[in-house]
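Participant: As a plain string of letters, each chain reads:
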Amino acid sequence: MSPSGNTPLPRAGRALPRAGSALPWALVTPALGWTLLFFVLPFIAMGFSSLTAHEGGGFTASNYSQFFTNPSYWQAMVNSLQVTAIVTVISVLLAYPFAWILAEQVPERWQRLALMLAVLPFWTSYVVRSYSWLLVLAQNGVINRALTGSGLFAEPVQLANTRFATVTGFVHFFVMLLTLTIFANLKQLSPSYRKAAADLGAGPVRTFLHVVLPLTLPGIMVGAFLTFVLCIGDYITPQILGGNNELLMPQLVMMQIGRRGDFPLASALSIILMAVVTIAYLACARWLKIERA
Amino acid sequence: MSAQSASRNPLSILKSHLHAACAATALLLGAGSAAEAADLNALIWCDHADPALLQPFEEANGVKVNVKEFEGTGAGLAIVEQSQPGDWDVMVIDSIDVPRGVEKGLFEPLPEDKLPLADLFPQVKMDGSTVIGGKRYGITEKFGYNTIGYNKTKVDPADMQSMAALTGDKYKGKVAIYDYYLPVIGMAALAIGKKTADLTEADLPALKDELLKMKANAKLVGEVTASQTALATGEVDILVGGGEWVTAGLAKENPALDFSIPKEGAVLWSQSLAMFKDSKNKDMALKFIQYIMSPEGQARLATSSCYWGMPANTKAALTDDQKKVLRFDEQPGFLARAQAYPAPNADLDKKMQDMWTEMLQAK
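If you read the protein sequences in the order shown, they are chains A and B.
The first sequence: position 249 = 249 (my numbering), numbered continuously.
Converting from the second sequence to my numbering requires adding 1000 to each position, the first position being numbered 1.
The hints are simulated quantities; they were obtained by calculation from the structure and are not laboratory data.
Cβ atoms here follow ideal geometry from the backbone N, Cα and C, with glycine treated the same way.
A couple of the hints might just be wrong.
Unchecked claim - Over the 10 Å line for every Cβ pair with chain B, so calculated as not near, a few chain A residues:
| hint | residue |
| --- | --- |
| 1 | Ala146 |
| 2 | Ala154 |
| 3 | Pro204 |
| 4 | Ile272 |
Stated by the list, open to error - Partial list, derived from the structure: chain A residues whose beta carbon lies under 8 Å from chain B:
| hint | residue |
| --- | --- |
| 5 | Asn70 |
| 6 | Ser132 |
| 7 | Ala138 |
| 8 | Asn161 |
| 9 | Gly243 |
| 10 | Glu246 |
| 11 | Leu247 |
| 12 | Met255 |
| 13 | Arg259 |
| 14 | Arg260 |
| 15 | Phe263 |
Use the sequences and the hints to build the structure in full.
Facilitator: Here it is, written out as structure tokens:
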């Protein structure tokens, strides 16, 4: 059986260009050029900048050593990793059942509409959405009014300008993203797997744990990785919702640029952040392959 | 310039070329800045982006003013470094930082006889910073105070006459801190009895203690919009570093907002206009500065939609209501008790920023 099921493979020599032809290079050149211009060159520039002294120029490694010797800088990375881990776990836990309900419980004809409603918050500006959360979580916001109005709390609770607010803003965004990736994975799953499991005597829980969950793990990991990457590099949400009561890495980077125009230190901190993302990628790499067995 | 280039190491030259390439790309990609030689290209703070301020000038002179907003002198000078000479015509800069631009050879002397210097509040001319080597490189256009902003229906205004209220228990959790290290460090200096102009590295431990006490009482540390929002929505009742720039613009919607100049004093902020030496449009740049310094321009700038502030020109064409909100008539008394921003050298500035970062990270 062919990997593509019943679809016949294109005949070699007709649909595919001959080996040695210039066509593949011509096709890939725009993408390569784009990557070179907007990733490789800026990255090299950032690398050079990170090894330059802010005052007077000249080669120095002090921009990197500052990160390891200044506890406030190091704490920013710890904060970033903590927030990102919390956001990723909560987002997966919320998105999976949501995607499951969409894929399995919602009738096929309503799924498109349900998905559209699920991604509706994407349509609003990220900044506006963050400020909206600030108003919802504020001392005089909807939640605190409900809590004090119902008598559950005598005084308003501090929700805005906290890590809780930052995590809430992030989760609101990333649950949608994860729902899409997990939903796509669930829809690809052939019903015959579950039928086979049932034929072999597995109950719904066992089928889920031993068949469905492992097969949807790539979708979860792709979504989780995207969440990790986008969350750890985000500046807007913690800046608006966190109240600067703790600094995350992107805020620390922006602080160097905005306050002192210290591009070398900002570059070094950014490269350290990229190294962390690379490590996360390597940890998830086995699930992030395009081809599947 | 050539001697400077010859003495630079290859890494600096490469960095400079990369910066130039990045800047050229950014300009090509249509930031809209430095668009045409006939346009006026201005590096500005957000108050200058108000169409109500720019349109009358554009219409009167048949020119388009392209603006690029930035916050903080460091960021502004970084933009200039990454641009080509002649990209920019005028710049808004903290008055105390005018010498930094002059040291870098960026600014053109301004013709004093063509500017209304005699009409300025004498205390805000800040000749110590704006006049260098007998030449004027900047003119103060707007000023105000980083002091205590508060909601007078929520706190006792008498308490706001002392900075001790900011670190005491009475208003714990009701305080926000404006997220700009220099003025708030200046306020901390005043609170411990130091002059902002005399701060040295030896003062940092005492300043840090004071900042940490403020942070322990604070609900948030926010930039302009966040701190304004927090005070306006009742999230906090006191803003450390607040002043007329927060309360005046919101006076119509929230007349309960006010500011005090406590007995310890306040930190005077002052912004200047400077012209670039390499400007390709110096005549228009001077006209722009003259317009901003005119009574009409001053009134529009003082009441800009981004933030209000005191006009430097005593003849600003403000309405009586606007003067009342800005407490125009009380200025001589306020100015007498105000001290300028701390003006640290590069090394102390870095240490102050690290201290500020430490304060932000403190639980």
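Participant: Take the hints in turn and mark each one as holding or not.
Facilitator: Structure-based check of all given hints:
no. : hint   : in the structure
1   : Ala146 : holds, 17 Å
2   : Ala154 : holds, 15 Å
3   : Pro204 : holds, 46 Å
4   : Ile272 : holds, 16 Å
5   : Asn70  : holds, 7 Å
6   : Ser132 : violated, 12 Å
7   : Ala138 : holds, 5 Å
8   : Asn161 : holds, 4 Å
9   : Gly243 : holds, 3 Å
10  : Glu246 : holds, 6 Å
11  : Leu247 : holds, 5 Å
12  : Met255 : holds, 7 Å
13  : Arg259 : holds, 5 Å
14  : Arg260 : holds, 4 Å
15  : Phe263 : holds, 7 Å
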